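Starting from the known structure of chain F, arrange chain Z on it as the hints suggest.
Letter by letter, the chains look like this.
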Amino acid sequence: MHEKDLIMIFPELLLIAAIFIATVADLFIRKENKSAVGYMVLLGMIGAMAALIGIKDYSTTFTYAGTFEHTGYSWWFRIMILAGGILTIMMSFVYAQERQSKPGEFFYLIAIATLGGMVMAGSGNMITVFLGLEMLSITSYVLVGMQREKAFAAEASFKYMLYGAVSSAVMLFGFAIIFGMTGTLDLAEAGAQLGGLLQGDASPAATMAMIMVLGGLGYKLAVVPFHQWCPDVYHGASYPVTAFLSVVSKIAGFAIIIRLVDYVFMGSGLEALAAQWALAFAVIAAASMILGNVAALPQTNVKRLLAYSSISHGGYVLLGIVAFMSLREAAPSNIAFLDGATSAVYYLFGYLFMNIGAFAGLMHFSRMAGSSEIKDIAGLAKKSPAVAFVTASCLVSLAGLPPFIGFLAKFYLFGAAVQSGYLWLALVGLVMSIVSLYYYAKVIKALYFDEQTVTDINTTPSGAGVTSTLAFSFAGILVSMFLAAPLIEIIRWSMERL
Amino acid sequence: MFVNPTELNTLSITALMVIPLIGVLIIALQGKSENTKAPHYIAAATTFTVFVLSLVMAFNYWPYAGGDNQYLFRDTWDWVPYLNFSYDVAVDGLSLPMVVLTTFLLFICSLASWNVGDKQPKLYFALFLFLETALIGVFTSVDMLLFFIFWELELIPMYFLIGIWGGARREYASTKFILYTVLASAGMFISLLAIYFLAGVGFSYESVVASGVLRELSMLVQVLLFAGFFLCFAVKLPVVPLHTWLPDAHVEAPTPVSVLLAGVLLKMGAYGLFRFNFGLFPEATQYLATTLAVLGVINIVYGAMLALAQTDMKKVIAYSSVSHMGFILLGLASLNHMAFNGGILQMFAHGTITAMMFLMVGVIYDRAHTREIAKLGGLAQQMPMASSLFLITSFAAVGVPGFNGFIAEVLTFVGAFQSFPVLTIIAALGIVLSAAYMLWLQERVFYGPRKAVWNGLKDMNGLEKFNMFACLFVVMLTGILPFLILDIINPATVQLLGLLG
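In the order they appear, the protein sequences are chains F and Z. Its first residue numbered 1, the first sequence is counted upward by one per residue in UniProt numbering. Its first residue numbered 1, the second sequence is counted upward by one per residue in UniProt numbering.
Since the hints were derived computationally from the structure, they do not count as laboratory data. Computed from a prediction, not measured in an experiment: that's the story for all the values here. Treat each hint with caution, since some may be false.
What the hints assert, rightly or not - With a straight-line Cα cutoff of 20 Å, these simulated DMTMM-like cross-link-like pairs (lysine to aspartate or glutamate) come out:
id : chain 1 : residue 1 : chain 2 : residue 2
1  : F       : K375      : F       : D456
2  : Z       : K119      : F       : D450
3  : Z       : K375      : Z       : D312
4  : F       : K442      : Z       : E171
5  : F       : K375      : F       : E496
6  : F       : K382      : Z       : D118
7  : F       : K382      : F       : E489
8  : Z       : K176      : F       : D450
9  : F       : K383      : Z       : D118
10 : F       : K159      : F       : D186
11 : Z       : K315      : Z       : E283
12 : F       : K31       : F       : E98
13 : F       : K102      : F       : E189
14 : F       : K102      : F       : E32
15 : F       : K150      : F       : D57
16 : F       : K375      : Z       : D366
17 : Z       : K465      : Z       : D366
18 : F       : K102      : F       : E155
19 : F       : K150      : F       : E373
20 : F       : K150      : F       : E98
21 : Z       : K119      : Z       : D366
22 : F       : K4        : F       : D57
23 : F       : K382      : Z       : D366
24 : Z       : K119      : F       : E98
Stated by the list, open to error - Taking CB as the label site, the calculated pair distances span:
id : chain 1 : residue 1 : chain 2 : residue 2 : range
25 : F       : K31       : Z       : D366      : 56 to 62 Å
26 : F       : E155      : Z       : A15       : 54 to 60 Å
27 : Z       : T311      : F       : V294      : 55 to 61 Å
28 : Z       : A15       : F       : S101      : 38 to 44 Å
Claimed, not checked - Coverage of chain F stretches by chain Z, computed from C-beta distances (three or more under 8 Å per stretch; other residues unrestricted):
id : region
29 : 82-94
30 : 288-295
Ideal placement from N, C-alpha and C gives every residue a C-beta, glycine not left out.
One chain only, chain F, in its complex shape (with noise of 0.2 Å):
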C-alpha cells in the first residue's frame, strides 16, 4: 500500500472512522439524546467534504489496482453524492426522533448508505461497484422499515429488498458474463478487450450482459421499466429516507451508468453499437418521462407524487446520457461543445437540491398537518410562510420554470439532445415538461390557494436542521443557475476526467 493511496481514500476513512465512532456512541446514549449520535455522523461527514475539496487536485496513477479511483469524475460525484447525506442527515434530526424506533441507528446507516455511494462513485471495477451497490442497497432496506408502528413500512421494506436482491443478482450474473468473455474485472479493461473481440458486431452473449447489468442498475435509477417498487417504497419509507434514495441513491446510480457507458458500451471498437444502445437509452428515458408524469398526474399523496415525479427526472437524465453516447459516436475527441454528460450532471446537481428540497419542505407541511395526503396540507403557507417559499420553488424548479437551476439545466439537456439528433427526445422532454407543471402546481395551490382543513396543527417548530436543509437548498437552486458558468466548468473538467 502506498501513502499516496490513502490520501485518495482519505474522505472515505473520515467518514467510516464518524460511522465506528457514532455506532458505539450510539450504545451509550440515552434515547432522548440520539440527536448526539446525528451530530457526530454529521461531523464526519463535513469532515470528509472538506477533505474531497482538498484532494481536488490530487491526483495519482496509483490506484488499488483499479479498483477505487480518484479521478476528476468520481472527485464530483463523490461531492454530490455527500452533500446528499449531509442535507438527508440534516433534515432527519426531526424526523428520526419522533418516528423513529431507533434513532441512532438510522443516522448512521444513512452514513454508510452514502459512503456505498461514494465507493459506487470511485470504482473502476466491478466487484467494487457491486460493493457498494450492497452496501448501499442493503442498508436502504432496512432504512425502509425503520418505521416498525407503520405495518406499511414494513410492506415497503419487504418489496424494496426483494425487487433489490433480484435486481443485484441479475446485475451479478451480467458482470459474471463479462467477465467470463473478457477475464478481467476492471472496467476500462473490459471495455477495451469487448471492443477486440466484438470487432463491431453485437454478440449475442455481450448483448445478454449489458441487458442485465442496466436492468440492475436500472432498478437503482428507478427507471422504466425497472420503477414498479419505487412508488410503494417512497410512500412507505419516511420522508428523508426517501429523499436519500430518490436523490442520493439515483446519483450513485447514474455515476456507474455514465461510467459503464463509456468505458465498456462504448470501448474502443464498439463505436457501432453505441449507437443502438443510444436508442435503446433513448427508449427508457421517454418511457421513464412518459410514464413518470403522467402516472403523477392523479396523485394524491405528497410522496406518491414525488416518487412519480423522480422517476420521469430520472428519465430527463437520461436524456443527457444518450446526447452523451451520440455526440461521442459523432465526435469522438470533442467534449468542447453541448456536452450530453455535463448537461446530464448537471442537471443531477440542481436535481439533489430541488428534490431534498421539495421534500424537506414538505415533510414540515406534513409532520404539521399529521399526513402527507396533499388535501391535508392545504393552506398551511399562511402558517409557514418561509416554508412554503422554498417548497413551492423548488417545485417550480422541478417542473422546470424559471429563475431556478430547472430551467437552464432542462434547457441544457434539451439542447444536447437536439445537437445529437434526438429532436424527438426533446421534443417528449418538452411536453413531459408542461405535464409535470400541472401536479406541480397542485402542490403549490394546495399550499397556497386552498382553504386549512386539518384543525390539529403540531406547530411545534421542525428544527434547524430542516431549516438549514432548505436554506441550503434554496441556496442551490439559485445559485447553480446565476453561476451556472464557473459550475459548467467544474463539471466539465471532472467529465474530462472520467
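Same frame as chain F, but now just chain Z:
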C-alpha cells in the same frame, strides 16, 4: 461586470430590475406581524422610485433617439458562455415606452392595491414587486433565452396574485391562465432551440438578425419558426380563438391585477410579435401579413360584439381589450410606417386607457359589491365624480380626439388602409361598436332611474381620484403631444421597416 457602451449610460436597466427586488427583501424582513401597512408603503415607495428612474431614462434617451445605436442603456454579462447565453438587457425605441408604461402602471397599481393587499400583505406586495422585475426584464431583454426566462418568470407572481386574491373562481382562472401560457410558450421554446441550432450564433437577437441565416431558410421552415413564436404571443395578445383565458383571468383577478393584466401583460404579446416575429422573420412576416390582418380584424369585430353582449362590467372591458388588441395586430400586420407607429402607440394608449377603465370598475365594485350591469343603475346621482370620470374614460376608449387612443387609432387605420383597404373598412366597424358598448355601459350603470339600494354609496376617495387623474394626465398629455412618444418609437419602426424592406 457590466459594460456600458454609451457615455450617457449612468443609469442602468439592471437597477430598474434590482430595486423592486430590494423592495421584496425589505418586505420579507418585516417581521411576523401581518396586520401592518408597512408593505404597502414599501411597495409604493419602491415602484415610485423605479417609475421616476424610468422617466429620467426616457428623458435621457430622447435626444439620442434616431441615432445609429438604438440600444442605449445597455447592461451585459456573459452568463453561460458554453451555451452562448448572456444576460443582455437594453432599451430601444420600442421597449422604452413599454418600460415606462410598466413602471407607471405598477406605481398606480401599488396605490390601487391599498385595500386589496390587506389580506397577507407581505406576500401580496412581494409578488407584486417581483412581477415588476419580470416585466421590465421582458421588455428589455436582447438575449432571446433571457427574454424567455423573464417571460416565464412573470407567470409565477401572476398565478399567485390571481389565485390567492382573486374572486370566487380564482383557482380555475389562475390554472387556466398558467396552462394556456405555458403550453403556448413551448412553441416559442421550440423555435428558440431551432434558431439556436440553425443560426449557430447563440441567443442574442441582434447577432441572429445580423447573421441573416434565418432569411436563407426555406419559406416553410421560416413560417414554422414564425408560428412557434406566434403561438406564444397570440395567446398573450390574445388572438381569437386563443383568448378564452382572458375573460376568466380578468374577471377573477383583483382590480390592480386586472389593470396590469390588460395594461402590461397583453402588450407583451404585441411587443414580442413586433420584435421577434417581425424582426427575425421578415419574409415570413410579409408572407403571412394578410393572415395576421384578418386575425386582427376578427379580433376587433368579434371582441366588440362579445363586449356588447356581456352582463358583467369587467367582462365588457375584458372583451373590449380583445377588440383593441385587434387594432394593434392590424396595425402591425399592415407593414407600413404609419401603421407601425400607430400600433405601437396603441399599445401604450390602450395600456393607460384600459387601466382607467379597470380602476373605475374597481371603484364601483368596492362600493356596490357587484359588477352585474343589470343590478346597477342611476349611480350618477350618488357618485357624480365617478360618473364623470367614467364618461371621460369612455371617450378615451372610444377614441375621441384629445386622448392618446385617438392618435393611435388614426395612425393605425390610415396606415392599415394603405395595405388592406377592405379589411380596414370592416375593422372600422369596431370603432362604432366600441362607442356602442362603452356608452351603453355608461348609460346602464350611471344613468337611468335612481335605485334605492345604492343610496348612501360614497363617491371616490382621494387615493382613487389620484390614480384616475394620474392616468388621465398621461392619456391626455400623450394625446395632445403625441410626439413625446412618437419621437422615441419612430426610429425603432424605421429600423424594423429597413429589415422588412
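Open item on the list: Checking one constraint from the list: CA of F:K150 to CA of F:E373, max 20 Å. Satisfied?
Closed with: 16 Å, holds
Legend entry - Distance restraint between F:K150 and F:D57, which requires alpha-carbon spacing of 20 Å or less: 47 Å, violated
- Are the Cα atoms of Z:K176 and F:D450 separated by 20 Å or less? 17 Å, holds
- request: For the pair supplied as a hint, Z:K375 and Z:D312, confirm whether the alpha-carbon distance does not exceed 20 Å.
  value: Holds: Z:K375 and Z:D312 sit about 10 Å apart, inside 20 Å.
Go ahead and decide if the range 38 to 44 Å is satisfied by the Cβ distance of Z:A15 to F:S101.
56 Å, violated
*asked:* Check whether the Cα positions of F:K442 and Z:E171 lie no farther apart than 20 Å.
replied: 10 Å, holds
### Task
Would you check the hint for F:K4 and F:D57, treating anything up to 20 Å between C-alpha atoms as holding?
13 Å, holds
Checklist line | 20 Å limit on alpha-carbon distance, applied to hinted pair F:K382 and F:E489 | finding: 40 Å, violated
CA of F:K159 to CA of F:D186, is that 20 Å or under?
Roughly 32 Å separates the two Cα atoms, so the pair is violated.
**Asked** Taking 20 Å as the top limit, are the C-alpha atoms of F:K382 and Z:D118 close enough?
**Response** Given that 20 Å is the threshold and the Cα spacing comes to 14 Å, the pair holds.
Distance restraint between F:K150 and F:E98, which requires alpha-carbon spacing of 20 Å or less:
Holds: F:K150 and F:E98 sit about 13 Å apart, inside 20 Å.
Practice problem: Measure nothing beyond the straight line between the CA atoms of F:K102 and F:E189; if it is 20 Å or shorter, mark the hint as holding. | Solution: Roughly 44 Å between the alpha carbons, so the hint for F:K102 and F:E189 is violated.
Comparing the model with each earlier hint shows violations of hints 5, 7, 10, 11, 13, 15, 16, 23, 24, 27, 28, 29, 30; every other hint is respected.
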